[in-house]
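Participant: One-letter residues, chain by chain:
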Amino acid sequence: MTASRHATSRADEWRQRLLYCVAGLLLFETLTGLGIYLLPFSVPNQWMVVFHTLAGLAFVIPFAWYQARHWKLYRSIRVSHVVLTGYFAMLATIVLIVSGLVLTYEAIFAPRISRGWDLAHIWATFGLIASVLPHVGTLIVRAARAKGGAIGGTLHAASRRFEYVSVLLTAALFIPVIVASVVYRPPKLNNQFPKDYSYVFGPQRPFAPSLARTASGGAYDARSLAGSESCGTAGCHKTIYDEWAVSAHRYSAMDPAFQKVQTVMAEQNGPESTRYCGGCHDPISLFSGTKNIFAEDLTSRAGYQEGVSCVACHAIKKTDVKGNAAYVMSQPERYLFELTAGAVPRAVSDFLIRAYPRQHVQSLQHKLFKSPEFCAACHKQFIDEEINHVGWVQLQNQYDNWRKSRWNHGKDPRKTIECRECHMPLAASNEPGSGDDLDYNRSPNDGKHRSHRFLGGNQFIPLALKLPGAEEHARLTEQWLRGEIDIPEIADKWRRGPAVPVEVTAPATARPGAPITIRAMLTNNKVGHDFPTGPLDIIQAWVELSVTDQAGRVVFQSGQRDSAHFIAPGSFMLKAEPVDENGNLIDRHNLWEMVGVRYRRSLFPGFSDQETFTFACPDAPVTELHVTARLMYRKADQYLLNFLFGEESGITAPITVLSEDRKTIRVRTDG
Amino acid sequence: MTRRRRLLFLASAGALVFLTAASTAALRWRGQERKYQPGEDREGITSELARDLPENYPRVTFTDVTRSAGIEFVHFSGKRSSQLPEDMGSGAAWGDYDNDGWMDLMVANEVGPLTMAEDERRRSPARARLYHNDHGTFSDATEKAGIDFRGWGMGVAWGDYDNDGHADLVLTAYGRNVLYHNDGNGTFTDRSLVSRIGAPVGFWTGASWGDYDRDGFLDLYVTGYVKYSRPENRSVEGGYDIENPASINPSSFPPERNLLFRNDGNGTFTEVGAVAGVADVTGRGLSAAWADFDGDGWLDLYVANDRSDNALFRNLRNGRFTDISHSARVSDYRGSMGIAVGDWDNDGAQDLFLTHWLAQENALYTNQLSESKKRLTGGDVSRLTFMDEADRAGLGQISLDFVGWATSFIDYDNDGKVDLFIVNGSTLQDKSDSTRLVPMRNQLFWNQGRRAGFFDVSRAAGATFGKDFVGRGATFADYDNDGDEDVFIVNHGGPGILLRNDGGNRNHWLQVELRGTKSNRQGLGATVRVVVGDTTQTRQIGAQSSYLSQNSLIETFGLGAATRADTVEVLWPAGARVVRTGVSPNQRLLITESETAGIDRMQVRDFWRLYREATALRVARRPQRASDAYARALELNPGHEDALYYYGSMRLDLGDFAGAARAWRALAAVNPSSARAHSELGSLYLCLEAGAPFQLDSAEQHIARAHEINKEETGPLVRLGEVALLRDDLAAAKRHFEAVLITHRGNGLARFYAGYVEWKNGNTALAEQQFARAVAPAESVTPSVQPPGEGDTRRGTAALVAGNQRCGELRTLVQRLRTADAKRDMVTRYSELNSLLSILRARAR
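Each protein sequence line maps, in turn, to chains A and B. Under our numbering, the letters of the first sequence match residues 1 to 671, in that order. Under our numbering, the letters of the second sequence match residues 672 to 1516, in that order.
Incorrect hints may appear among the rest.
Cβ pair distances, simulated, as ranges [claimed, not checked]:
hint: 1; chain 1: A; residue 1: 410; chain 2: B; residue 2: 937; range: 43 to 51 Å
hint: 2; chain 1: A; residue 1: 18; chain 2: B; residue 2: 1261; range: 54 to 62 Å
hint: 3; chain 1: A; residue 1: 242; chain 2: B; residue 2: 937; range: 35 to 43 Å
hint: 4; chain 1: A; residue 1: 386; chain 2: B; residue 2: 1498; range: 49 to 57 Å
hint: 5; chain 1: B; residue 1: 937; chain 2: A; residue 2: 664; range: 50 to 58 Å
hint: 6; chain 1: A; residue 1: 41; chain 2: B; residue 2: 1258; range: 26 to 34 Å
hint: 7; chain 1: B; residue 1: 937; chain 2: A; residue 2: 218; range: 38 to 46 Å
hint: 8; chain 1: B; residue 1: 1253; chain 2: A; residue 2: 116; range: 52 to 60 Å
If you are wondering where the hints come from, they were derived from the structure by calculation, not from laboratory data. C-beta: ideal position from N, C-alpha, C; glycine also.
Whole structure, please, built from the sequences with the hints as guidance.
Facilitator: Dropping the structure here:
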């Protein structure tokens, strides 16, 4: 009688609706969990993440209720492997629930899910499978063995019914996953060139003369490379976004000088030829086929706003060291609703990116990004016959400058300083992107990210465009140019002091009427490549020299600017004078006509250059002469600015004094 | 009489008495009709023009989403002081100032009562506001954009007056108007004074942009209301019960003239209202609409005047207008406020709808152009007439109870017929509180088609139509990019409200955005036709001026159930026509003017083909054929700088000095700051070849000009040194060469000349020094470890091509001297240079 009552109560247990519910949800959670973990990124898999989370939340209360009841009912039972696996399964489920809740919370409210909880969730899943299978399996087998006899039959029937119902429930739970996957239509990307797209270099090279390519060989919808703002506004990469938003990568296309030069190039050399610029300055427009004959705007809306957007760098899969944008762009597969506007779709895609970051990381992170060769794709430039119709001419080349310089010691990270180490120094942060176990001097939890400010030499355009944080960026750029920014992690292998010091050599004494010779010497102390670098037909660095007597009267000067902001002829200047085939100056950045240079004067890393100035020592009552030399720098020469914006605009580039030196000459009248 | 008979008699008599009394009473009762009550419903009065809601009205509603969209705009701060300027504002305008594809919102505002003290005015929260649209929600961008307007703002309108691709903003006011230039980076600069738009002081109301002279630059028309001055004595003499004082009655004040600012194309405007004939000095102007009513491709002008005749000015295509208000039958004498312009009956001609004051019917002026065209052979447009069909179309009588303001034709249900939205609000003061104005409800009319006209669907179109506001301006746009027209309304002394259209996009739609290249950038004044089946919808961009407001310039066309538009046609103000066929619905089309008819495109393609051919021939050193190709390319594009430059080179190569000079002079004319044009001309006039126009003065002039254009360049400096040598001016020559050598110490030619100057000056030691460095191999500061640098070619630092071989005699000879056989010493070489220069000097004389 007791045995039969026991069997009946066991049969009742099998028939518990709560059990069906808990078992169905648990099986659904386990299967979707395994699917998420093991299957590749896909639309159904993302829906599984969504419904796994929802079902997980729905699971908590029924489970707690069931588990409490179950434990109360069987706690006094003799210890057996069934009891042990039961306890183990309970423990695993509790870990799963807690970690699941934490992960859900983090995926909704935090910038990223934590590694520890993620691991706990995965390990507990396998723990659960390992314990719940023998636990339930044994009981099912026992029920099956007991099927002889009326009582045993009831038990067996109840356990069979449990199996059916819970599997059915699990299957039912999969219905929304399937329906959502079938119904969901990702926004259709328009990966097509315009109908009238002009293939100047043949259909195989739609982006030529730029060397940039797409993995598919065809066009990419602008939306697929744009949307940088979403990286910063979901609460994830805000710091990095803000750094980028004022950086040269961001304004590479909206730079008014770029825009104007592009327009002139289109007018003078054909609109398609501006593809040459697009690979590095305006990839979004280039790949969407905007740079085309008859195009009113060679830069698309997104291209203009985002320049080298987050995706434009992070989706590059391959680069070549020949430069001129020799890279291959990919089109990362997006999460559900990632390209759909609206608060709800945005919340879903943000949740998915955080809850299920695998695709995000795999498609947008690459070890390649650390190497100088990656930067070389755009920081090395030349023109060839396809541009100037004549032949190959080197242009700016920071990459090889650096490669051949004293900063490159091959594979020895104790000596070598690479691009990112100076231009992307480590910054403290709570970014989800902080930490790196692949960099030689970093760890996954160093609480730092590489700055995406990319400080360089442009203290002009961010201010002119009034970008957010432009004042701060310009201030930092000026500090950078002067060598005032310390980078602790490379301090032991870099140099100290000004980036490019100027030193004056002058005689201690002079006699009235006699010629005095002074020297100004410049040294490239800290710069990782030539100084100056960039388009040397535009950038200017020069020495402003003045000699005054004890009363402040000017005795001699060089490098002064006139009222129209032009530097006086006969100044010690670092720049280049590129020329066209008739020997006329390339003065409007008209590279399509450039065939060589009259001269180029810039400082290779560790090199010096000097100029001598001679003037007559004035007569009495002069007693002392003060010599001041300042190294001046500006991003754009005045002629170009006049050409671009009109002389009447009054626009001139701001000047930064990079370094300064003073000497005093005593004038001897004692004979 | 038996007892029984007696009883019968008595009963009959009683019954008779009763019946008589009852019927008398009944008669009396019937004859006494109930007393008359004002406003009661009674038999015998009909309202044949009244209409019930038809069964098939669209199930589209407008939902007030102001708060959830993030707009907190309040008009007017403080209490009215019963002065006219306080009551007339304000308007609003949708425009995409940051080109992100989402319509931003500019709202004008009045700071408060005219009696406000200066510091109160400064502190007033009621300022003009710019709201940035971030994917359907708004943030206040006023401060960030640098817009700071605290006055009695009336109208606003976006217009890219300098065609730089960024919509600029004009704001009219009681006081001075303001022009904000959009700097393209999210901020604006006040250009009111520079542009002269801010010069006139007055009571300025509506602002309308339009390119009336078709020069590709937007002009601006500003209506003037009245010459307001506060009446001296506002006390109630004689104790009359004045509810609405003279100070708020426009008839108390003389009318103000209107202003027409012609865009000079250089950032300034010239006021030509009187000259052009549109000053309209007798009208109290409130709004004006630029539209091509007669279909001749030139913008005409309709002006709505309060308490004075309206005016229709026809464009005479010579910068002047003629007033045809009376002959066209639109000189409406009523108090007109807002203007809607559109083709409500889809007959291809632009009709007008005007809102009027209380007890005045609104007017629906249907353009009779197409009817008259049918009647008159040759389409005699001089017979442009309109007919007021308000009553027949269900719009007249129903408006008598309202003071109407902002209005626009919008197809809110996307059924392919434009409907009407009317914003109402009284000018009368509240009897119980004279600081308040009487509020009224707004109205929405559904257009069922030409035959049936319009139906008031307000009570089925959302709760907002059940509320009363003191409405003034309103602007229409699809702010949430969902394919239907939404609206923002400015209410006097209250919150602005944003109404979202819910359900309008159940029908298919198509949006058209224009980008002009020859015409003004935003395509104002362009006509857009969308053909679906046998229905043609016609709109003119920027024509509707609503009241003190401006609608989005992106037009939303309803396609009904149609799954495509058969034709979308754009007629640009400059004359071009763009046609697209088989257009899919539910998208925003961007149509640019350059995608015009085949002929222009062919010309562009031909130009580039010829130009590339010419370049290939030039590089292949075939000057004759290259020159021909350049000449043909220049026929197609006469101002092309590079073509002019290289055409000159080819002419020079062919020995055609005059031809070369012509080409380069043309280049200098196209681009006066072309240093290369002057450098080439300078070289040409220094040319020693037979037949060359050797002129030292001209040469010096051009080279000096090249130097002046870019003083930092060393090229012209060397040439200036050569000229100085030819003039025997050794001091100047020394100065030029030394300047070159400091900047470019490796310039062997300059150093050779510098040595010569020292030699001539007798400084033999210095001369020797310079000479030795000049004839040594080229100096280089480039260390050999360096990788290729800027300008290096496959052949090292040498330029790829030597350039033109002609006219380089002096230089060639000097180079030869410099690099000559080492055995010849300095004295020999400098003597040779000396005699060469003497010969040239003689020739120059």
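Participant: All the hints need checking, so say for each whether the structure fits it.
Facilitator: Consistency of the hints with the structure:
no., hint, in the structure
1, A:410 x B:937: 43 to 51 Å, "violated (59 Å)"
2, A:18 x B:1261: 54 to 62 Å, "holds (60 Å)"
3, A:242 x B:937: 35 to 43 Å, "holds (39 Å)"
4, A:386 x B:1498: 49 to 57 Å, "holds (50 Å)"
5, B:937 x A:664: 50 to 58 Å, "holds (52 Å)"
6, A:41 x B:1258: 26 to 34 Å, "holds (30 Å)"
7, B:937 x A:218: 38 to 46 Å, "holds (44 Å)"
8, B:1253 x A:116: 52 to 60 Å, "holds (58 Å)"
Figure legend: structure checked against the earlier numbered hints; the only hint not met is number 1.
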